[in-house]
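**Student:** Given next are the chains, with one letter for each unit.
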Amino acid sequence: MADHTTGPSPASGAQTTGHVWDDDLQEFNNPLPAWWTYGFYVTILFALVYWVWYPSWPVGAGFMTGIGKVTYVNAQGEEESWHWNTRAKLLAETQEASALQKPYFDRIASLPYEQVTQDPELNSFVVSAGKALFSENCAACHQAGGQGKIGFFPNLTDDDWLYGGSFERIHASIAQGRRGYMPPYGEALNAARIDELAHYVLSLSGAAQVDAAKVAQGKELFNSHAGACYYCHGDNGKGRQDIGSANLTDQVWLWANVPAAEGDAAKLDAVRKVIASGLDKGVMPAWQGRLSAEQIRLLTLYVHELGGGK
Amino acid sequence: MLKNFKHEKVETNAGVLLVLTMLAISAGGLVEIAPLFFIKDTMENVPGVRPYTPLEQRGRDIYIREGCYTCHSQMIRPFRDEQLRYGHYSLAAESKYDHPFQWGSKRTGPDLARVGGKYSNEWHVQHMIQPKSVVPESVMPNYPWLMSPLDYADIGDRMRALRVAGVPYSANKEEYQRNVEKFGADVAKTLHIPDARNILVAQAQEGNFDGDRASVTEMDALVAYLQVLGTMVDFSKIKPEDLVKYR
Chain A
72 MADHTTGPSP ASGAQTTGHV WDDDLQEFNN PLPAWWTYGF YVTILFALVY
122 WVWYPSWPVG AGFMTGIGKV TYVNAQGEEE SWHWNTRAKL LAETQEASAL
172 QKPYFDRIAS LPYEQVTQDP ELNSFVVSAG KALFSENCAA CHQAGGQGKI
222 GFFPNLTDDD WLYGGSFERI HASIAQGRRG YMPPYGEALN AARIDELAHY
272 VLSLSGAAQV DAAKVAQGKE LFNSHAGACY YCHGDNGKGR QDIGSANLTD
322 QVWLWANVPA AEGDAAKLDA VRKVIASGLD KGVMPAWQGR LSAEQIRLLT
372 LYVHELGGGK
Chain B
4 MLKNFKHEKV ETNAGVLLVL TMLAISAGGL VEIAPLFFIK DTMENVPGVR
54 PYTPLEQRGR DIYIREGCYT CHSQMIRPFR DEQLRYGHYS LAAESKYDHP
104 FQWGSKRTGP DLARVGGKYS NEWHVQHMIQ PKSVVPESVM PNYPWLMSPL
154 DYADIGDRMR ALRVAGVPYS ANKEEYQRNV EKFGADVAKT LHIPDARNIL
204 VAQAQEGNFD GDRASVTEMD ALVAYLQVLG TMVDFSKIKP EDLVKYR
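Note that the protein sequences, when read in sequence, are chains A and B.
Heads up: the first sequence is residues 72 to 381, going by my numbering.
Heads up: the second sequence is residues 4 to 250, going by my numbering.
Next comes chain B alone, as it looks inside the complex (with noise of 0.2 Å):
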């Protein structure tokens, strides 16, 4: 068969062709990804990441709704430029139980991954409505939207798709448990799908995030979330050189 093989068929059979041109680039993209599947230290072994509680994780959503990732990349690199600028660089794990992970490579606007407690609450509010009211230079648009109702009547269903990506959402009793001891109970607590929307109505009163505590509002979502970003792992406790060699 091969002796009758012809360059010239590839070239001149699209069908062939179109196979054979995605066999050699697929061979390209599964040495590059598939051995991080297999290489025990890509993922890197810290305390403290957790999934996000059904508030974050709503405004995680309005994050990915609103384009937000267009503009802004959640990675820093680890270049002494971006950790001056953005603080520590970006482990893996940090972004474990992101599920699509939001890392991007487009910044129009600054890196977000470390941009929980950098700023107020009312910082972000007044920066979504309006912001060149607080940077003049911006160029992000308006979203005065967000200080609309949330809708959080889907939020178990929404938890149960990311359980099964595998984000370790509780939907029962031993899973419950499971979280307990892994994350601790107070924790746990915030991952359990059958009392989701209790929880995020709860965390949006006490945190009032919005500025106004008698409404859950898109924006407390997408504030809570920003908040979050990156305050998971307490670098003051790691050393850096432990980092160093999980690559």
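The shape of chain A in the complex, shown without the other chains (with noise of 0.2 Å):
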């Protein structure tokens, strides 16, 4: 196959290998470009660097930790170093970007809310850095811009609160969470009894055209012992935002979707729904340990801006 003579190829004058296949295919030996061979050298003295400031060799149950430095705050408020490291390096960013918002942040967290709304500066921050927050944390359950889903999750920005739309009340929604109950009366009311209160219901708000003698029949269960609706709801039907119940003689649905209901019969029988299954949902995760209590009070006023913060 390949006889092994070196020197130049009598064809061409090139250097060949030596390497001869097929009588006369001979593989030529050209010398690397110069930029080539010494680029190949500077990567090598590259890694010489690297290795000496990066961490890099295993040493026993060790490893070179190498000389570069990373200075970030400890927990005692004392300057620190550590030797490189993706983490250190993670800490010392994260404390340099936080002394960039804390004069923000300062400010917002001294300042009553009222007072942070009407400081156009301050206001423009709560807007720009409440929507990154908004969007990543809140956007997947409330949607991008806050208007819910219905049947699961509250429209955040109307000016109807389940739980209260006042700073505070919107404070304690974010940082503790929510947990919306509300009992099943399937088994304990017959269907005509939830047909009632189903009239009564939609009657409150005149979503619907209902029969006047089944409303005055629902209204009387409504709010007798029996039905026991208006220990929730209260004897009028508005709700109590201390324990969410929600405010029937308003427009706003969240569980029976009413307004997507095409005729009474649809209308009716979406609350009727409701009122024999009873939620076991409607759950708001805690954002107290998840979120900072700065990143809270900027949502808090996020939210409040949505819509008909009150």
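Source of the hints: derived by calculation from the structure; they are not laboratory data.
There's no promise every hint is true.
[Claimed, not checked] DSS-like mimics (lysine-lysine), calculated; alpha carbons at most 25 Å apart, straight line: (1) B:43 <-> A:160; (2) B:242 <-> A:160; (3) A:140 <-> B:242.
Quick one: dock chain against chain with the hints and give me the complex.
**Tutor:** As structure tokens, this is what we get:
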């Protein structure tokens, strides 16, 4: 196959490796360009510097830590250095970034909520920083614009609040989370009675044209110990924000999709379903711990501003 | 022998080339991986990390079965953008009972390392059945079949297999006792293989992850798993600089 005569090729005069296949197929041996060769040596030098500066080779139960250092502030507020690593670098960068935001956060924390909203500079900080926080943490449920999702997650852009729309109530909802509950009446009451209740509930907001006789019977049941709806929804059906029971007298619906139901029969059906099966959902996670106190304060302001904060 | 060795012999002998190539490649792997078994600071010493309960473990199996890892990583890197979006960077200790770990590097969807507690169970159920109904721009497929009953007859075998891999599930009294000392009685109870089925059903019913207390579904298991991800370590009790020193 191959013989091993090195030397210039008789045909071109170029150096060959001496490998010859199929009688006259030769392998040329051209030197690499100088820039390439020296470039290669530079990468070796770079590696040596890298090994000295950054953590590199393992040694026994440890490793060469390198002479590069990162300085950050420890929990006691003292400056501290550690050999270069991504965790130390992240800590230092985070502290640097928080120092930049600190003047804003300090002012937001020290001023009452109402005054923050009246300060144009702080307000624009709240809107821009709050939007990022909201998109990442809240939008999955309440949707990007805060419009919520009927049947699942409340709308934050209207002026109807299950748990209250004041700064303090919004803050509590975010920090501690919420849990909605309504007992199912499907077993306690028969279909006719649930139908009467549905008639009364829809009459409260005028959402549907309903039978007046059934409304009267529903009203009685609503306010009786058998129905006991008034325990939570109040005897006028306006709901109670301390326990998060819905106001039944307005046009805002979360669980029963009355607005989308076409015709009075469908609207009645939507309400009957909720009464019969109750609600064991409407959970809002608690954000204390996951988000910092500053972030929760910021989100409170942002959510308040979304719609009809009270 | 070396005197007669010619590079041409390697090039013209496929068997020799294969063996030498494998040797060369494994040298690189060994240098990178082997020392981590000996460096003492690889695994952070943090309290709270425990093996998954039977229900969570079963959910993890479903996570793998459905190929969730092809789009979701479970590894928050120590960068500012990731910290702002996903939370505290992942620790090695947090996946010490994962076999295999689900770190991944492909993020078509978001990282899930700290998704636990971020959304309600109800959101997860709705999102799993039809992701677009809650996240309109999502490209995640629908997984409606997760509402079917969970097969947990073999949960004991699954735990026994993991026990062989080093997860401290207890098979007898002594091991149970060791878990009580290590994790406390409440956790130890959930790691006891002989009781696994009862523990699984009890957690599914009490947690009501799928919104239906009556039946134990695959959704129960998967949501239970997702809700525990990244929640075992309480970072408010750890100084950030202490974690820096594990690197």
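**Student:** All hints are to be evaluated individually against the structure, with a verdict given for each.
**Tutor:** Hints, verified against the model:
Of the supplied pair hints, the one linking residue 43 of chain B and residue 160 of chain A holds, its CA atoms being roughly 21 Å apart against a limit of 25 Å. Proposed proximity of residue 242 of chain B and residue 160 of chain A is supported: the alpha carbons are some 15 Å apart, at most 25 Å. Taken as a hint, the residue 140 of chain A and residue 242 of chain B pair is honoured in the structure, with Cα atoms around 19 Å apart against an allowance of 25 Å.
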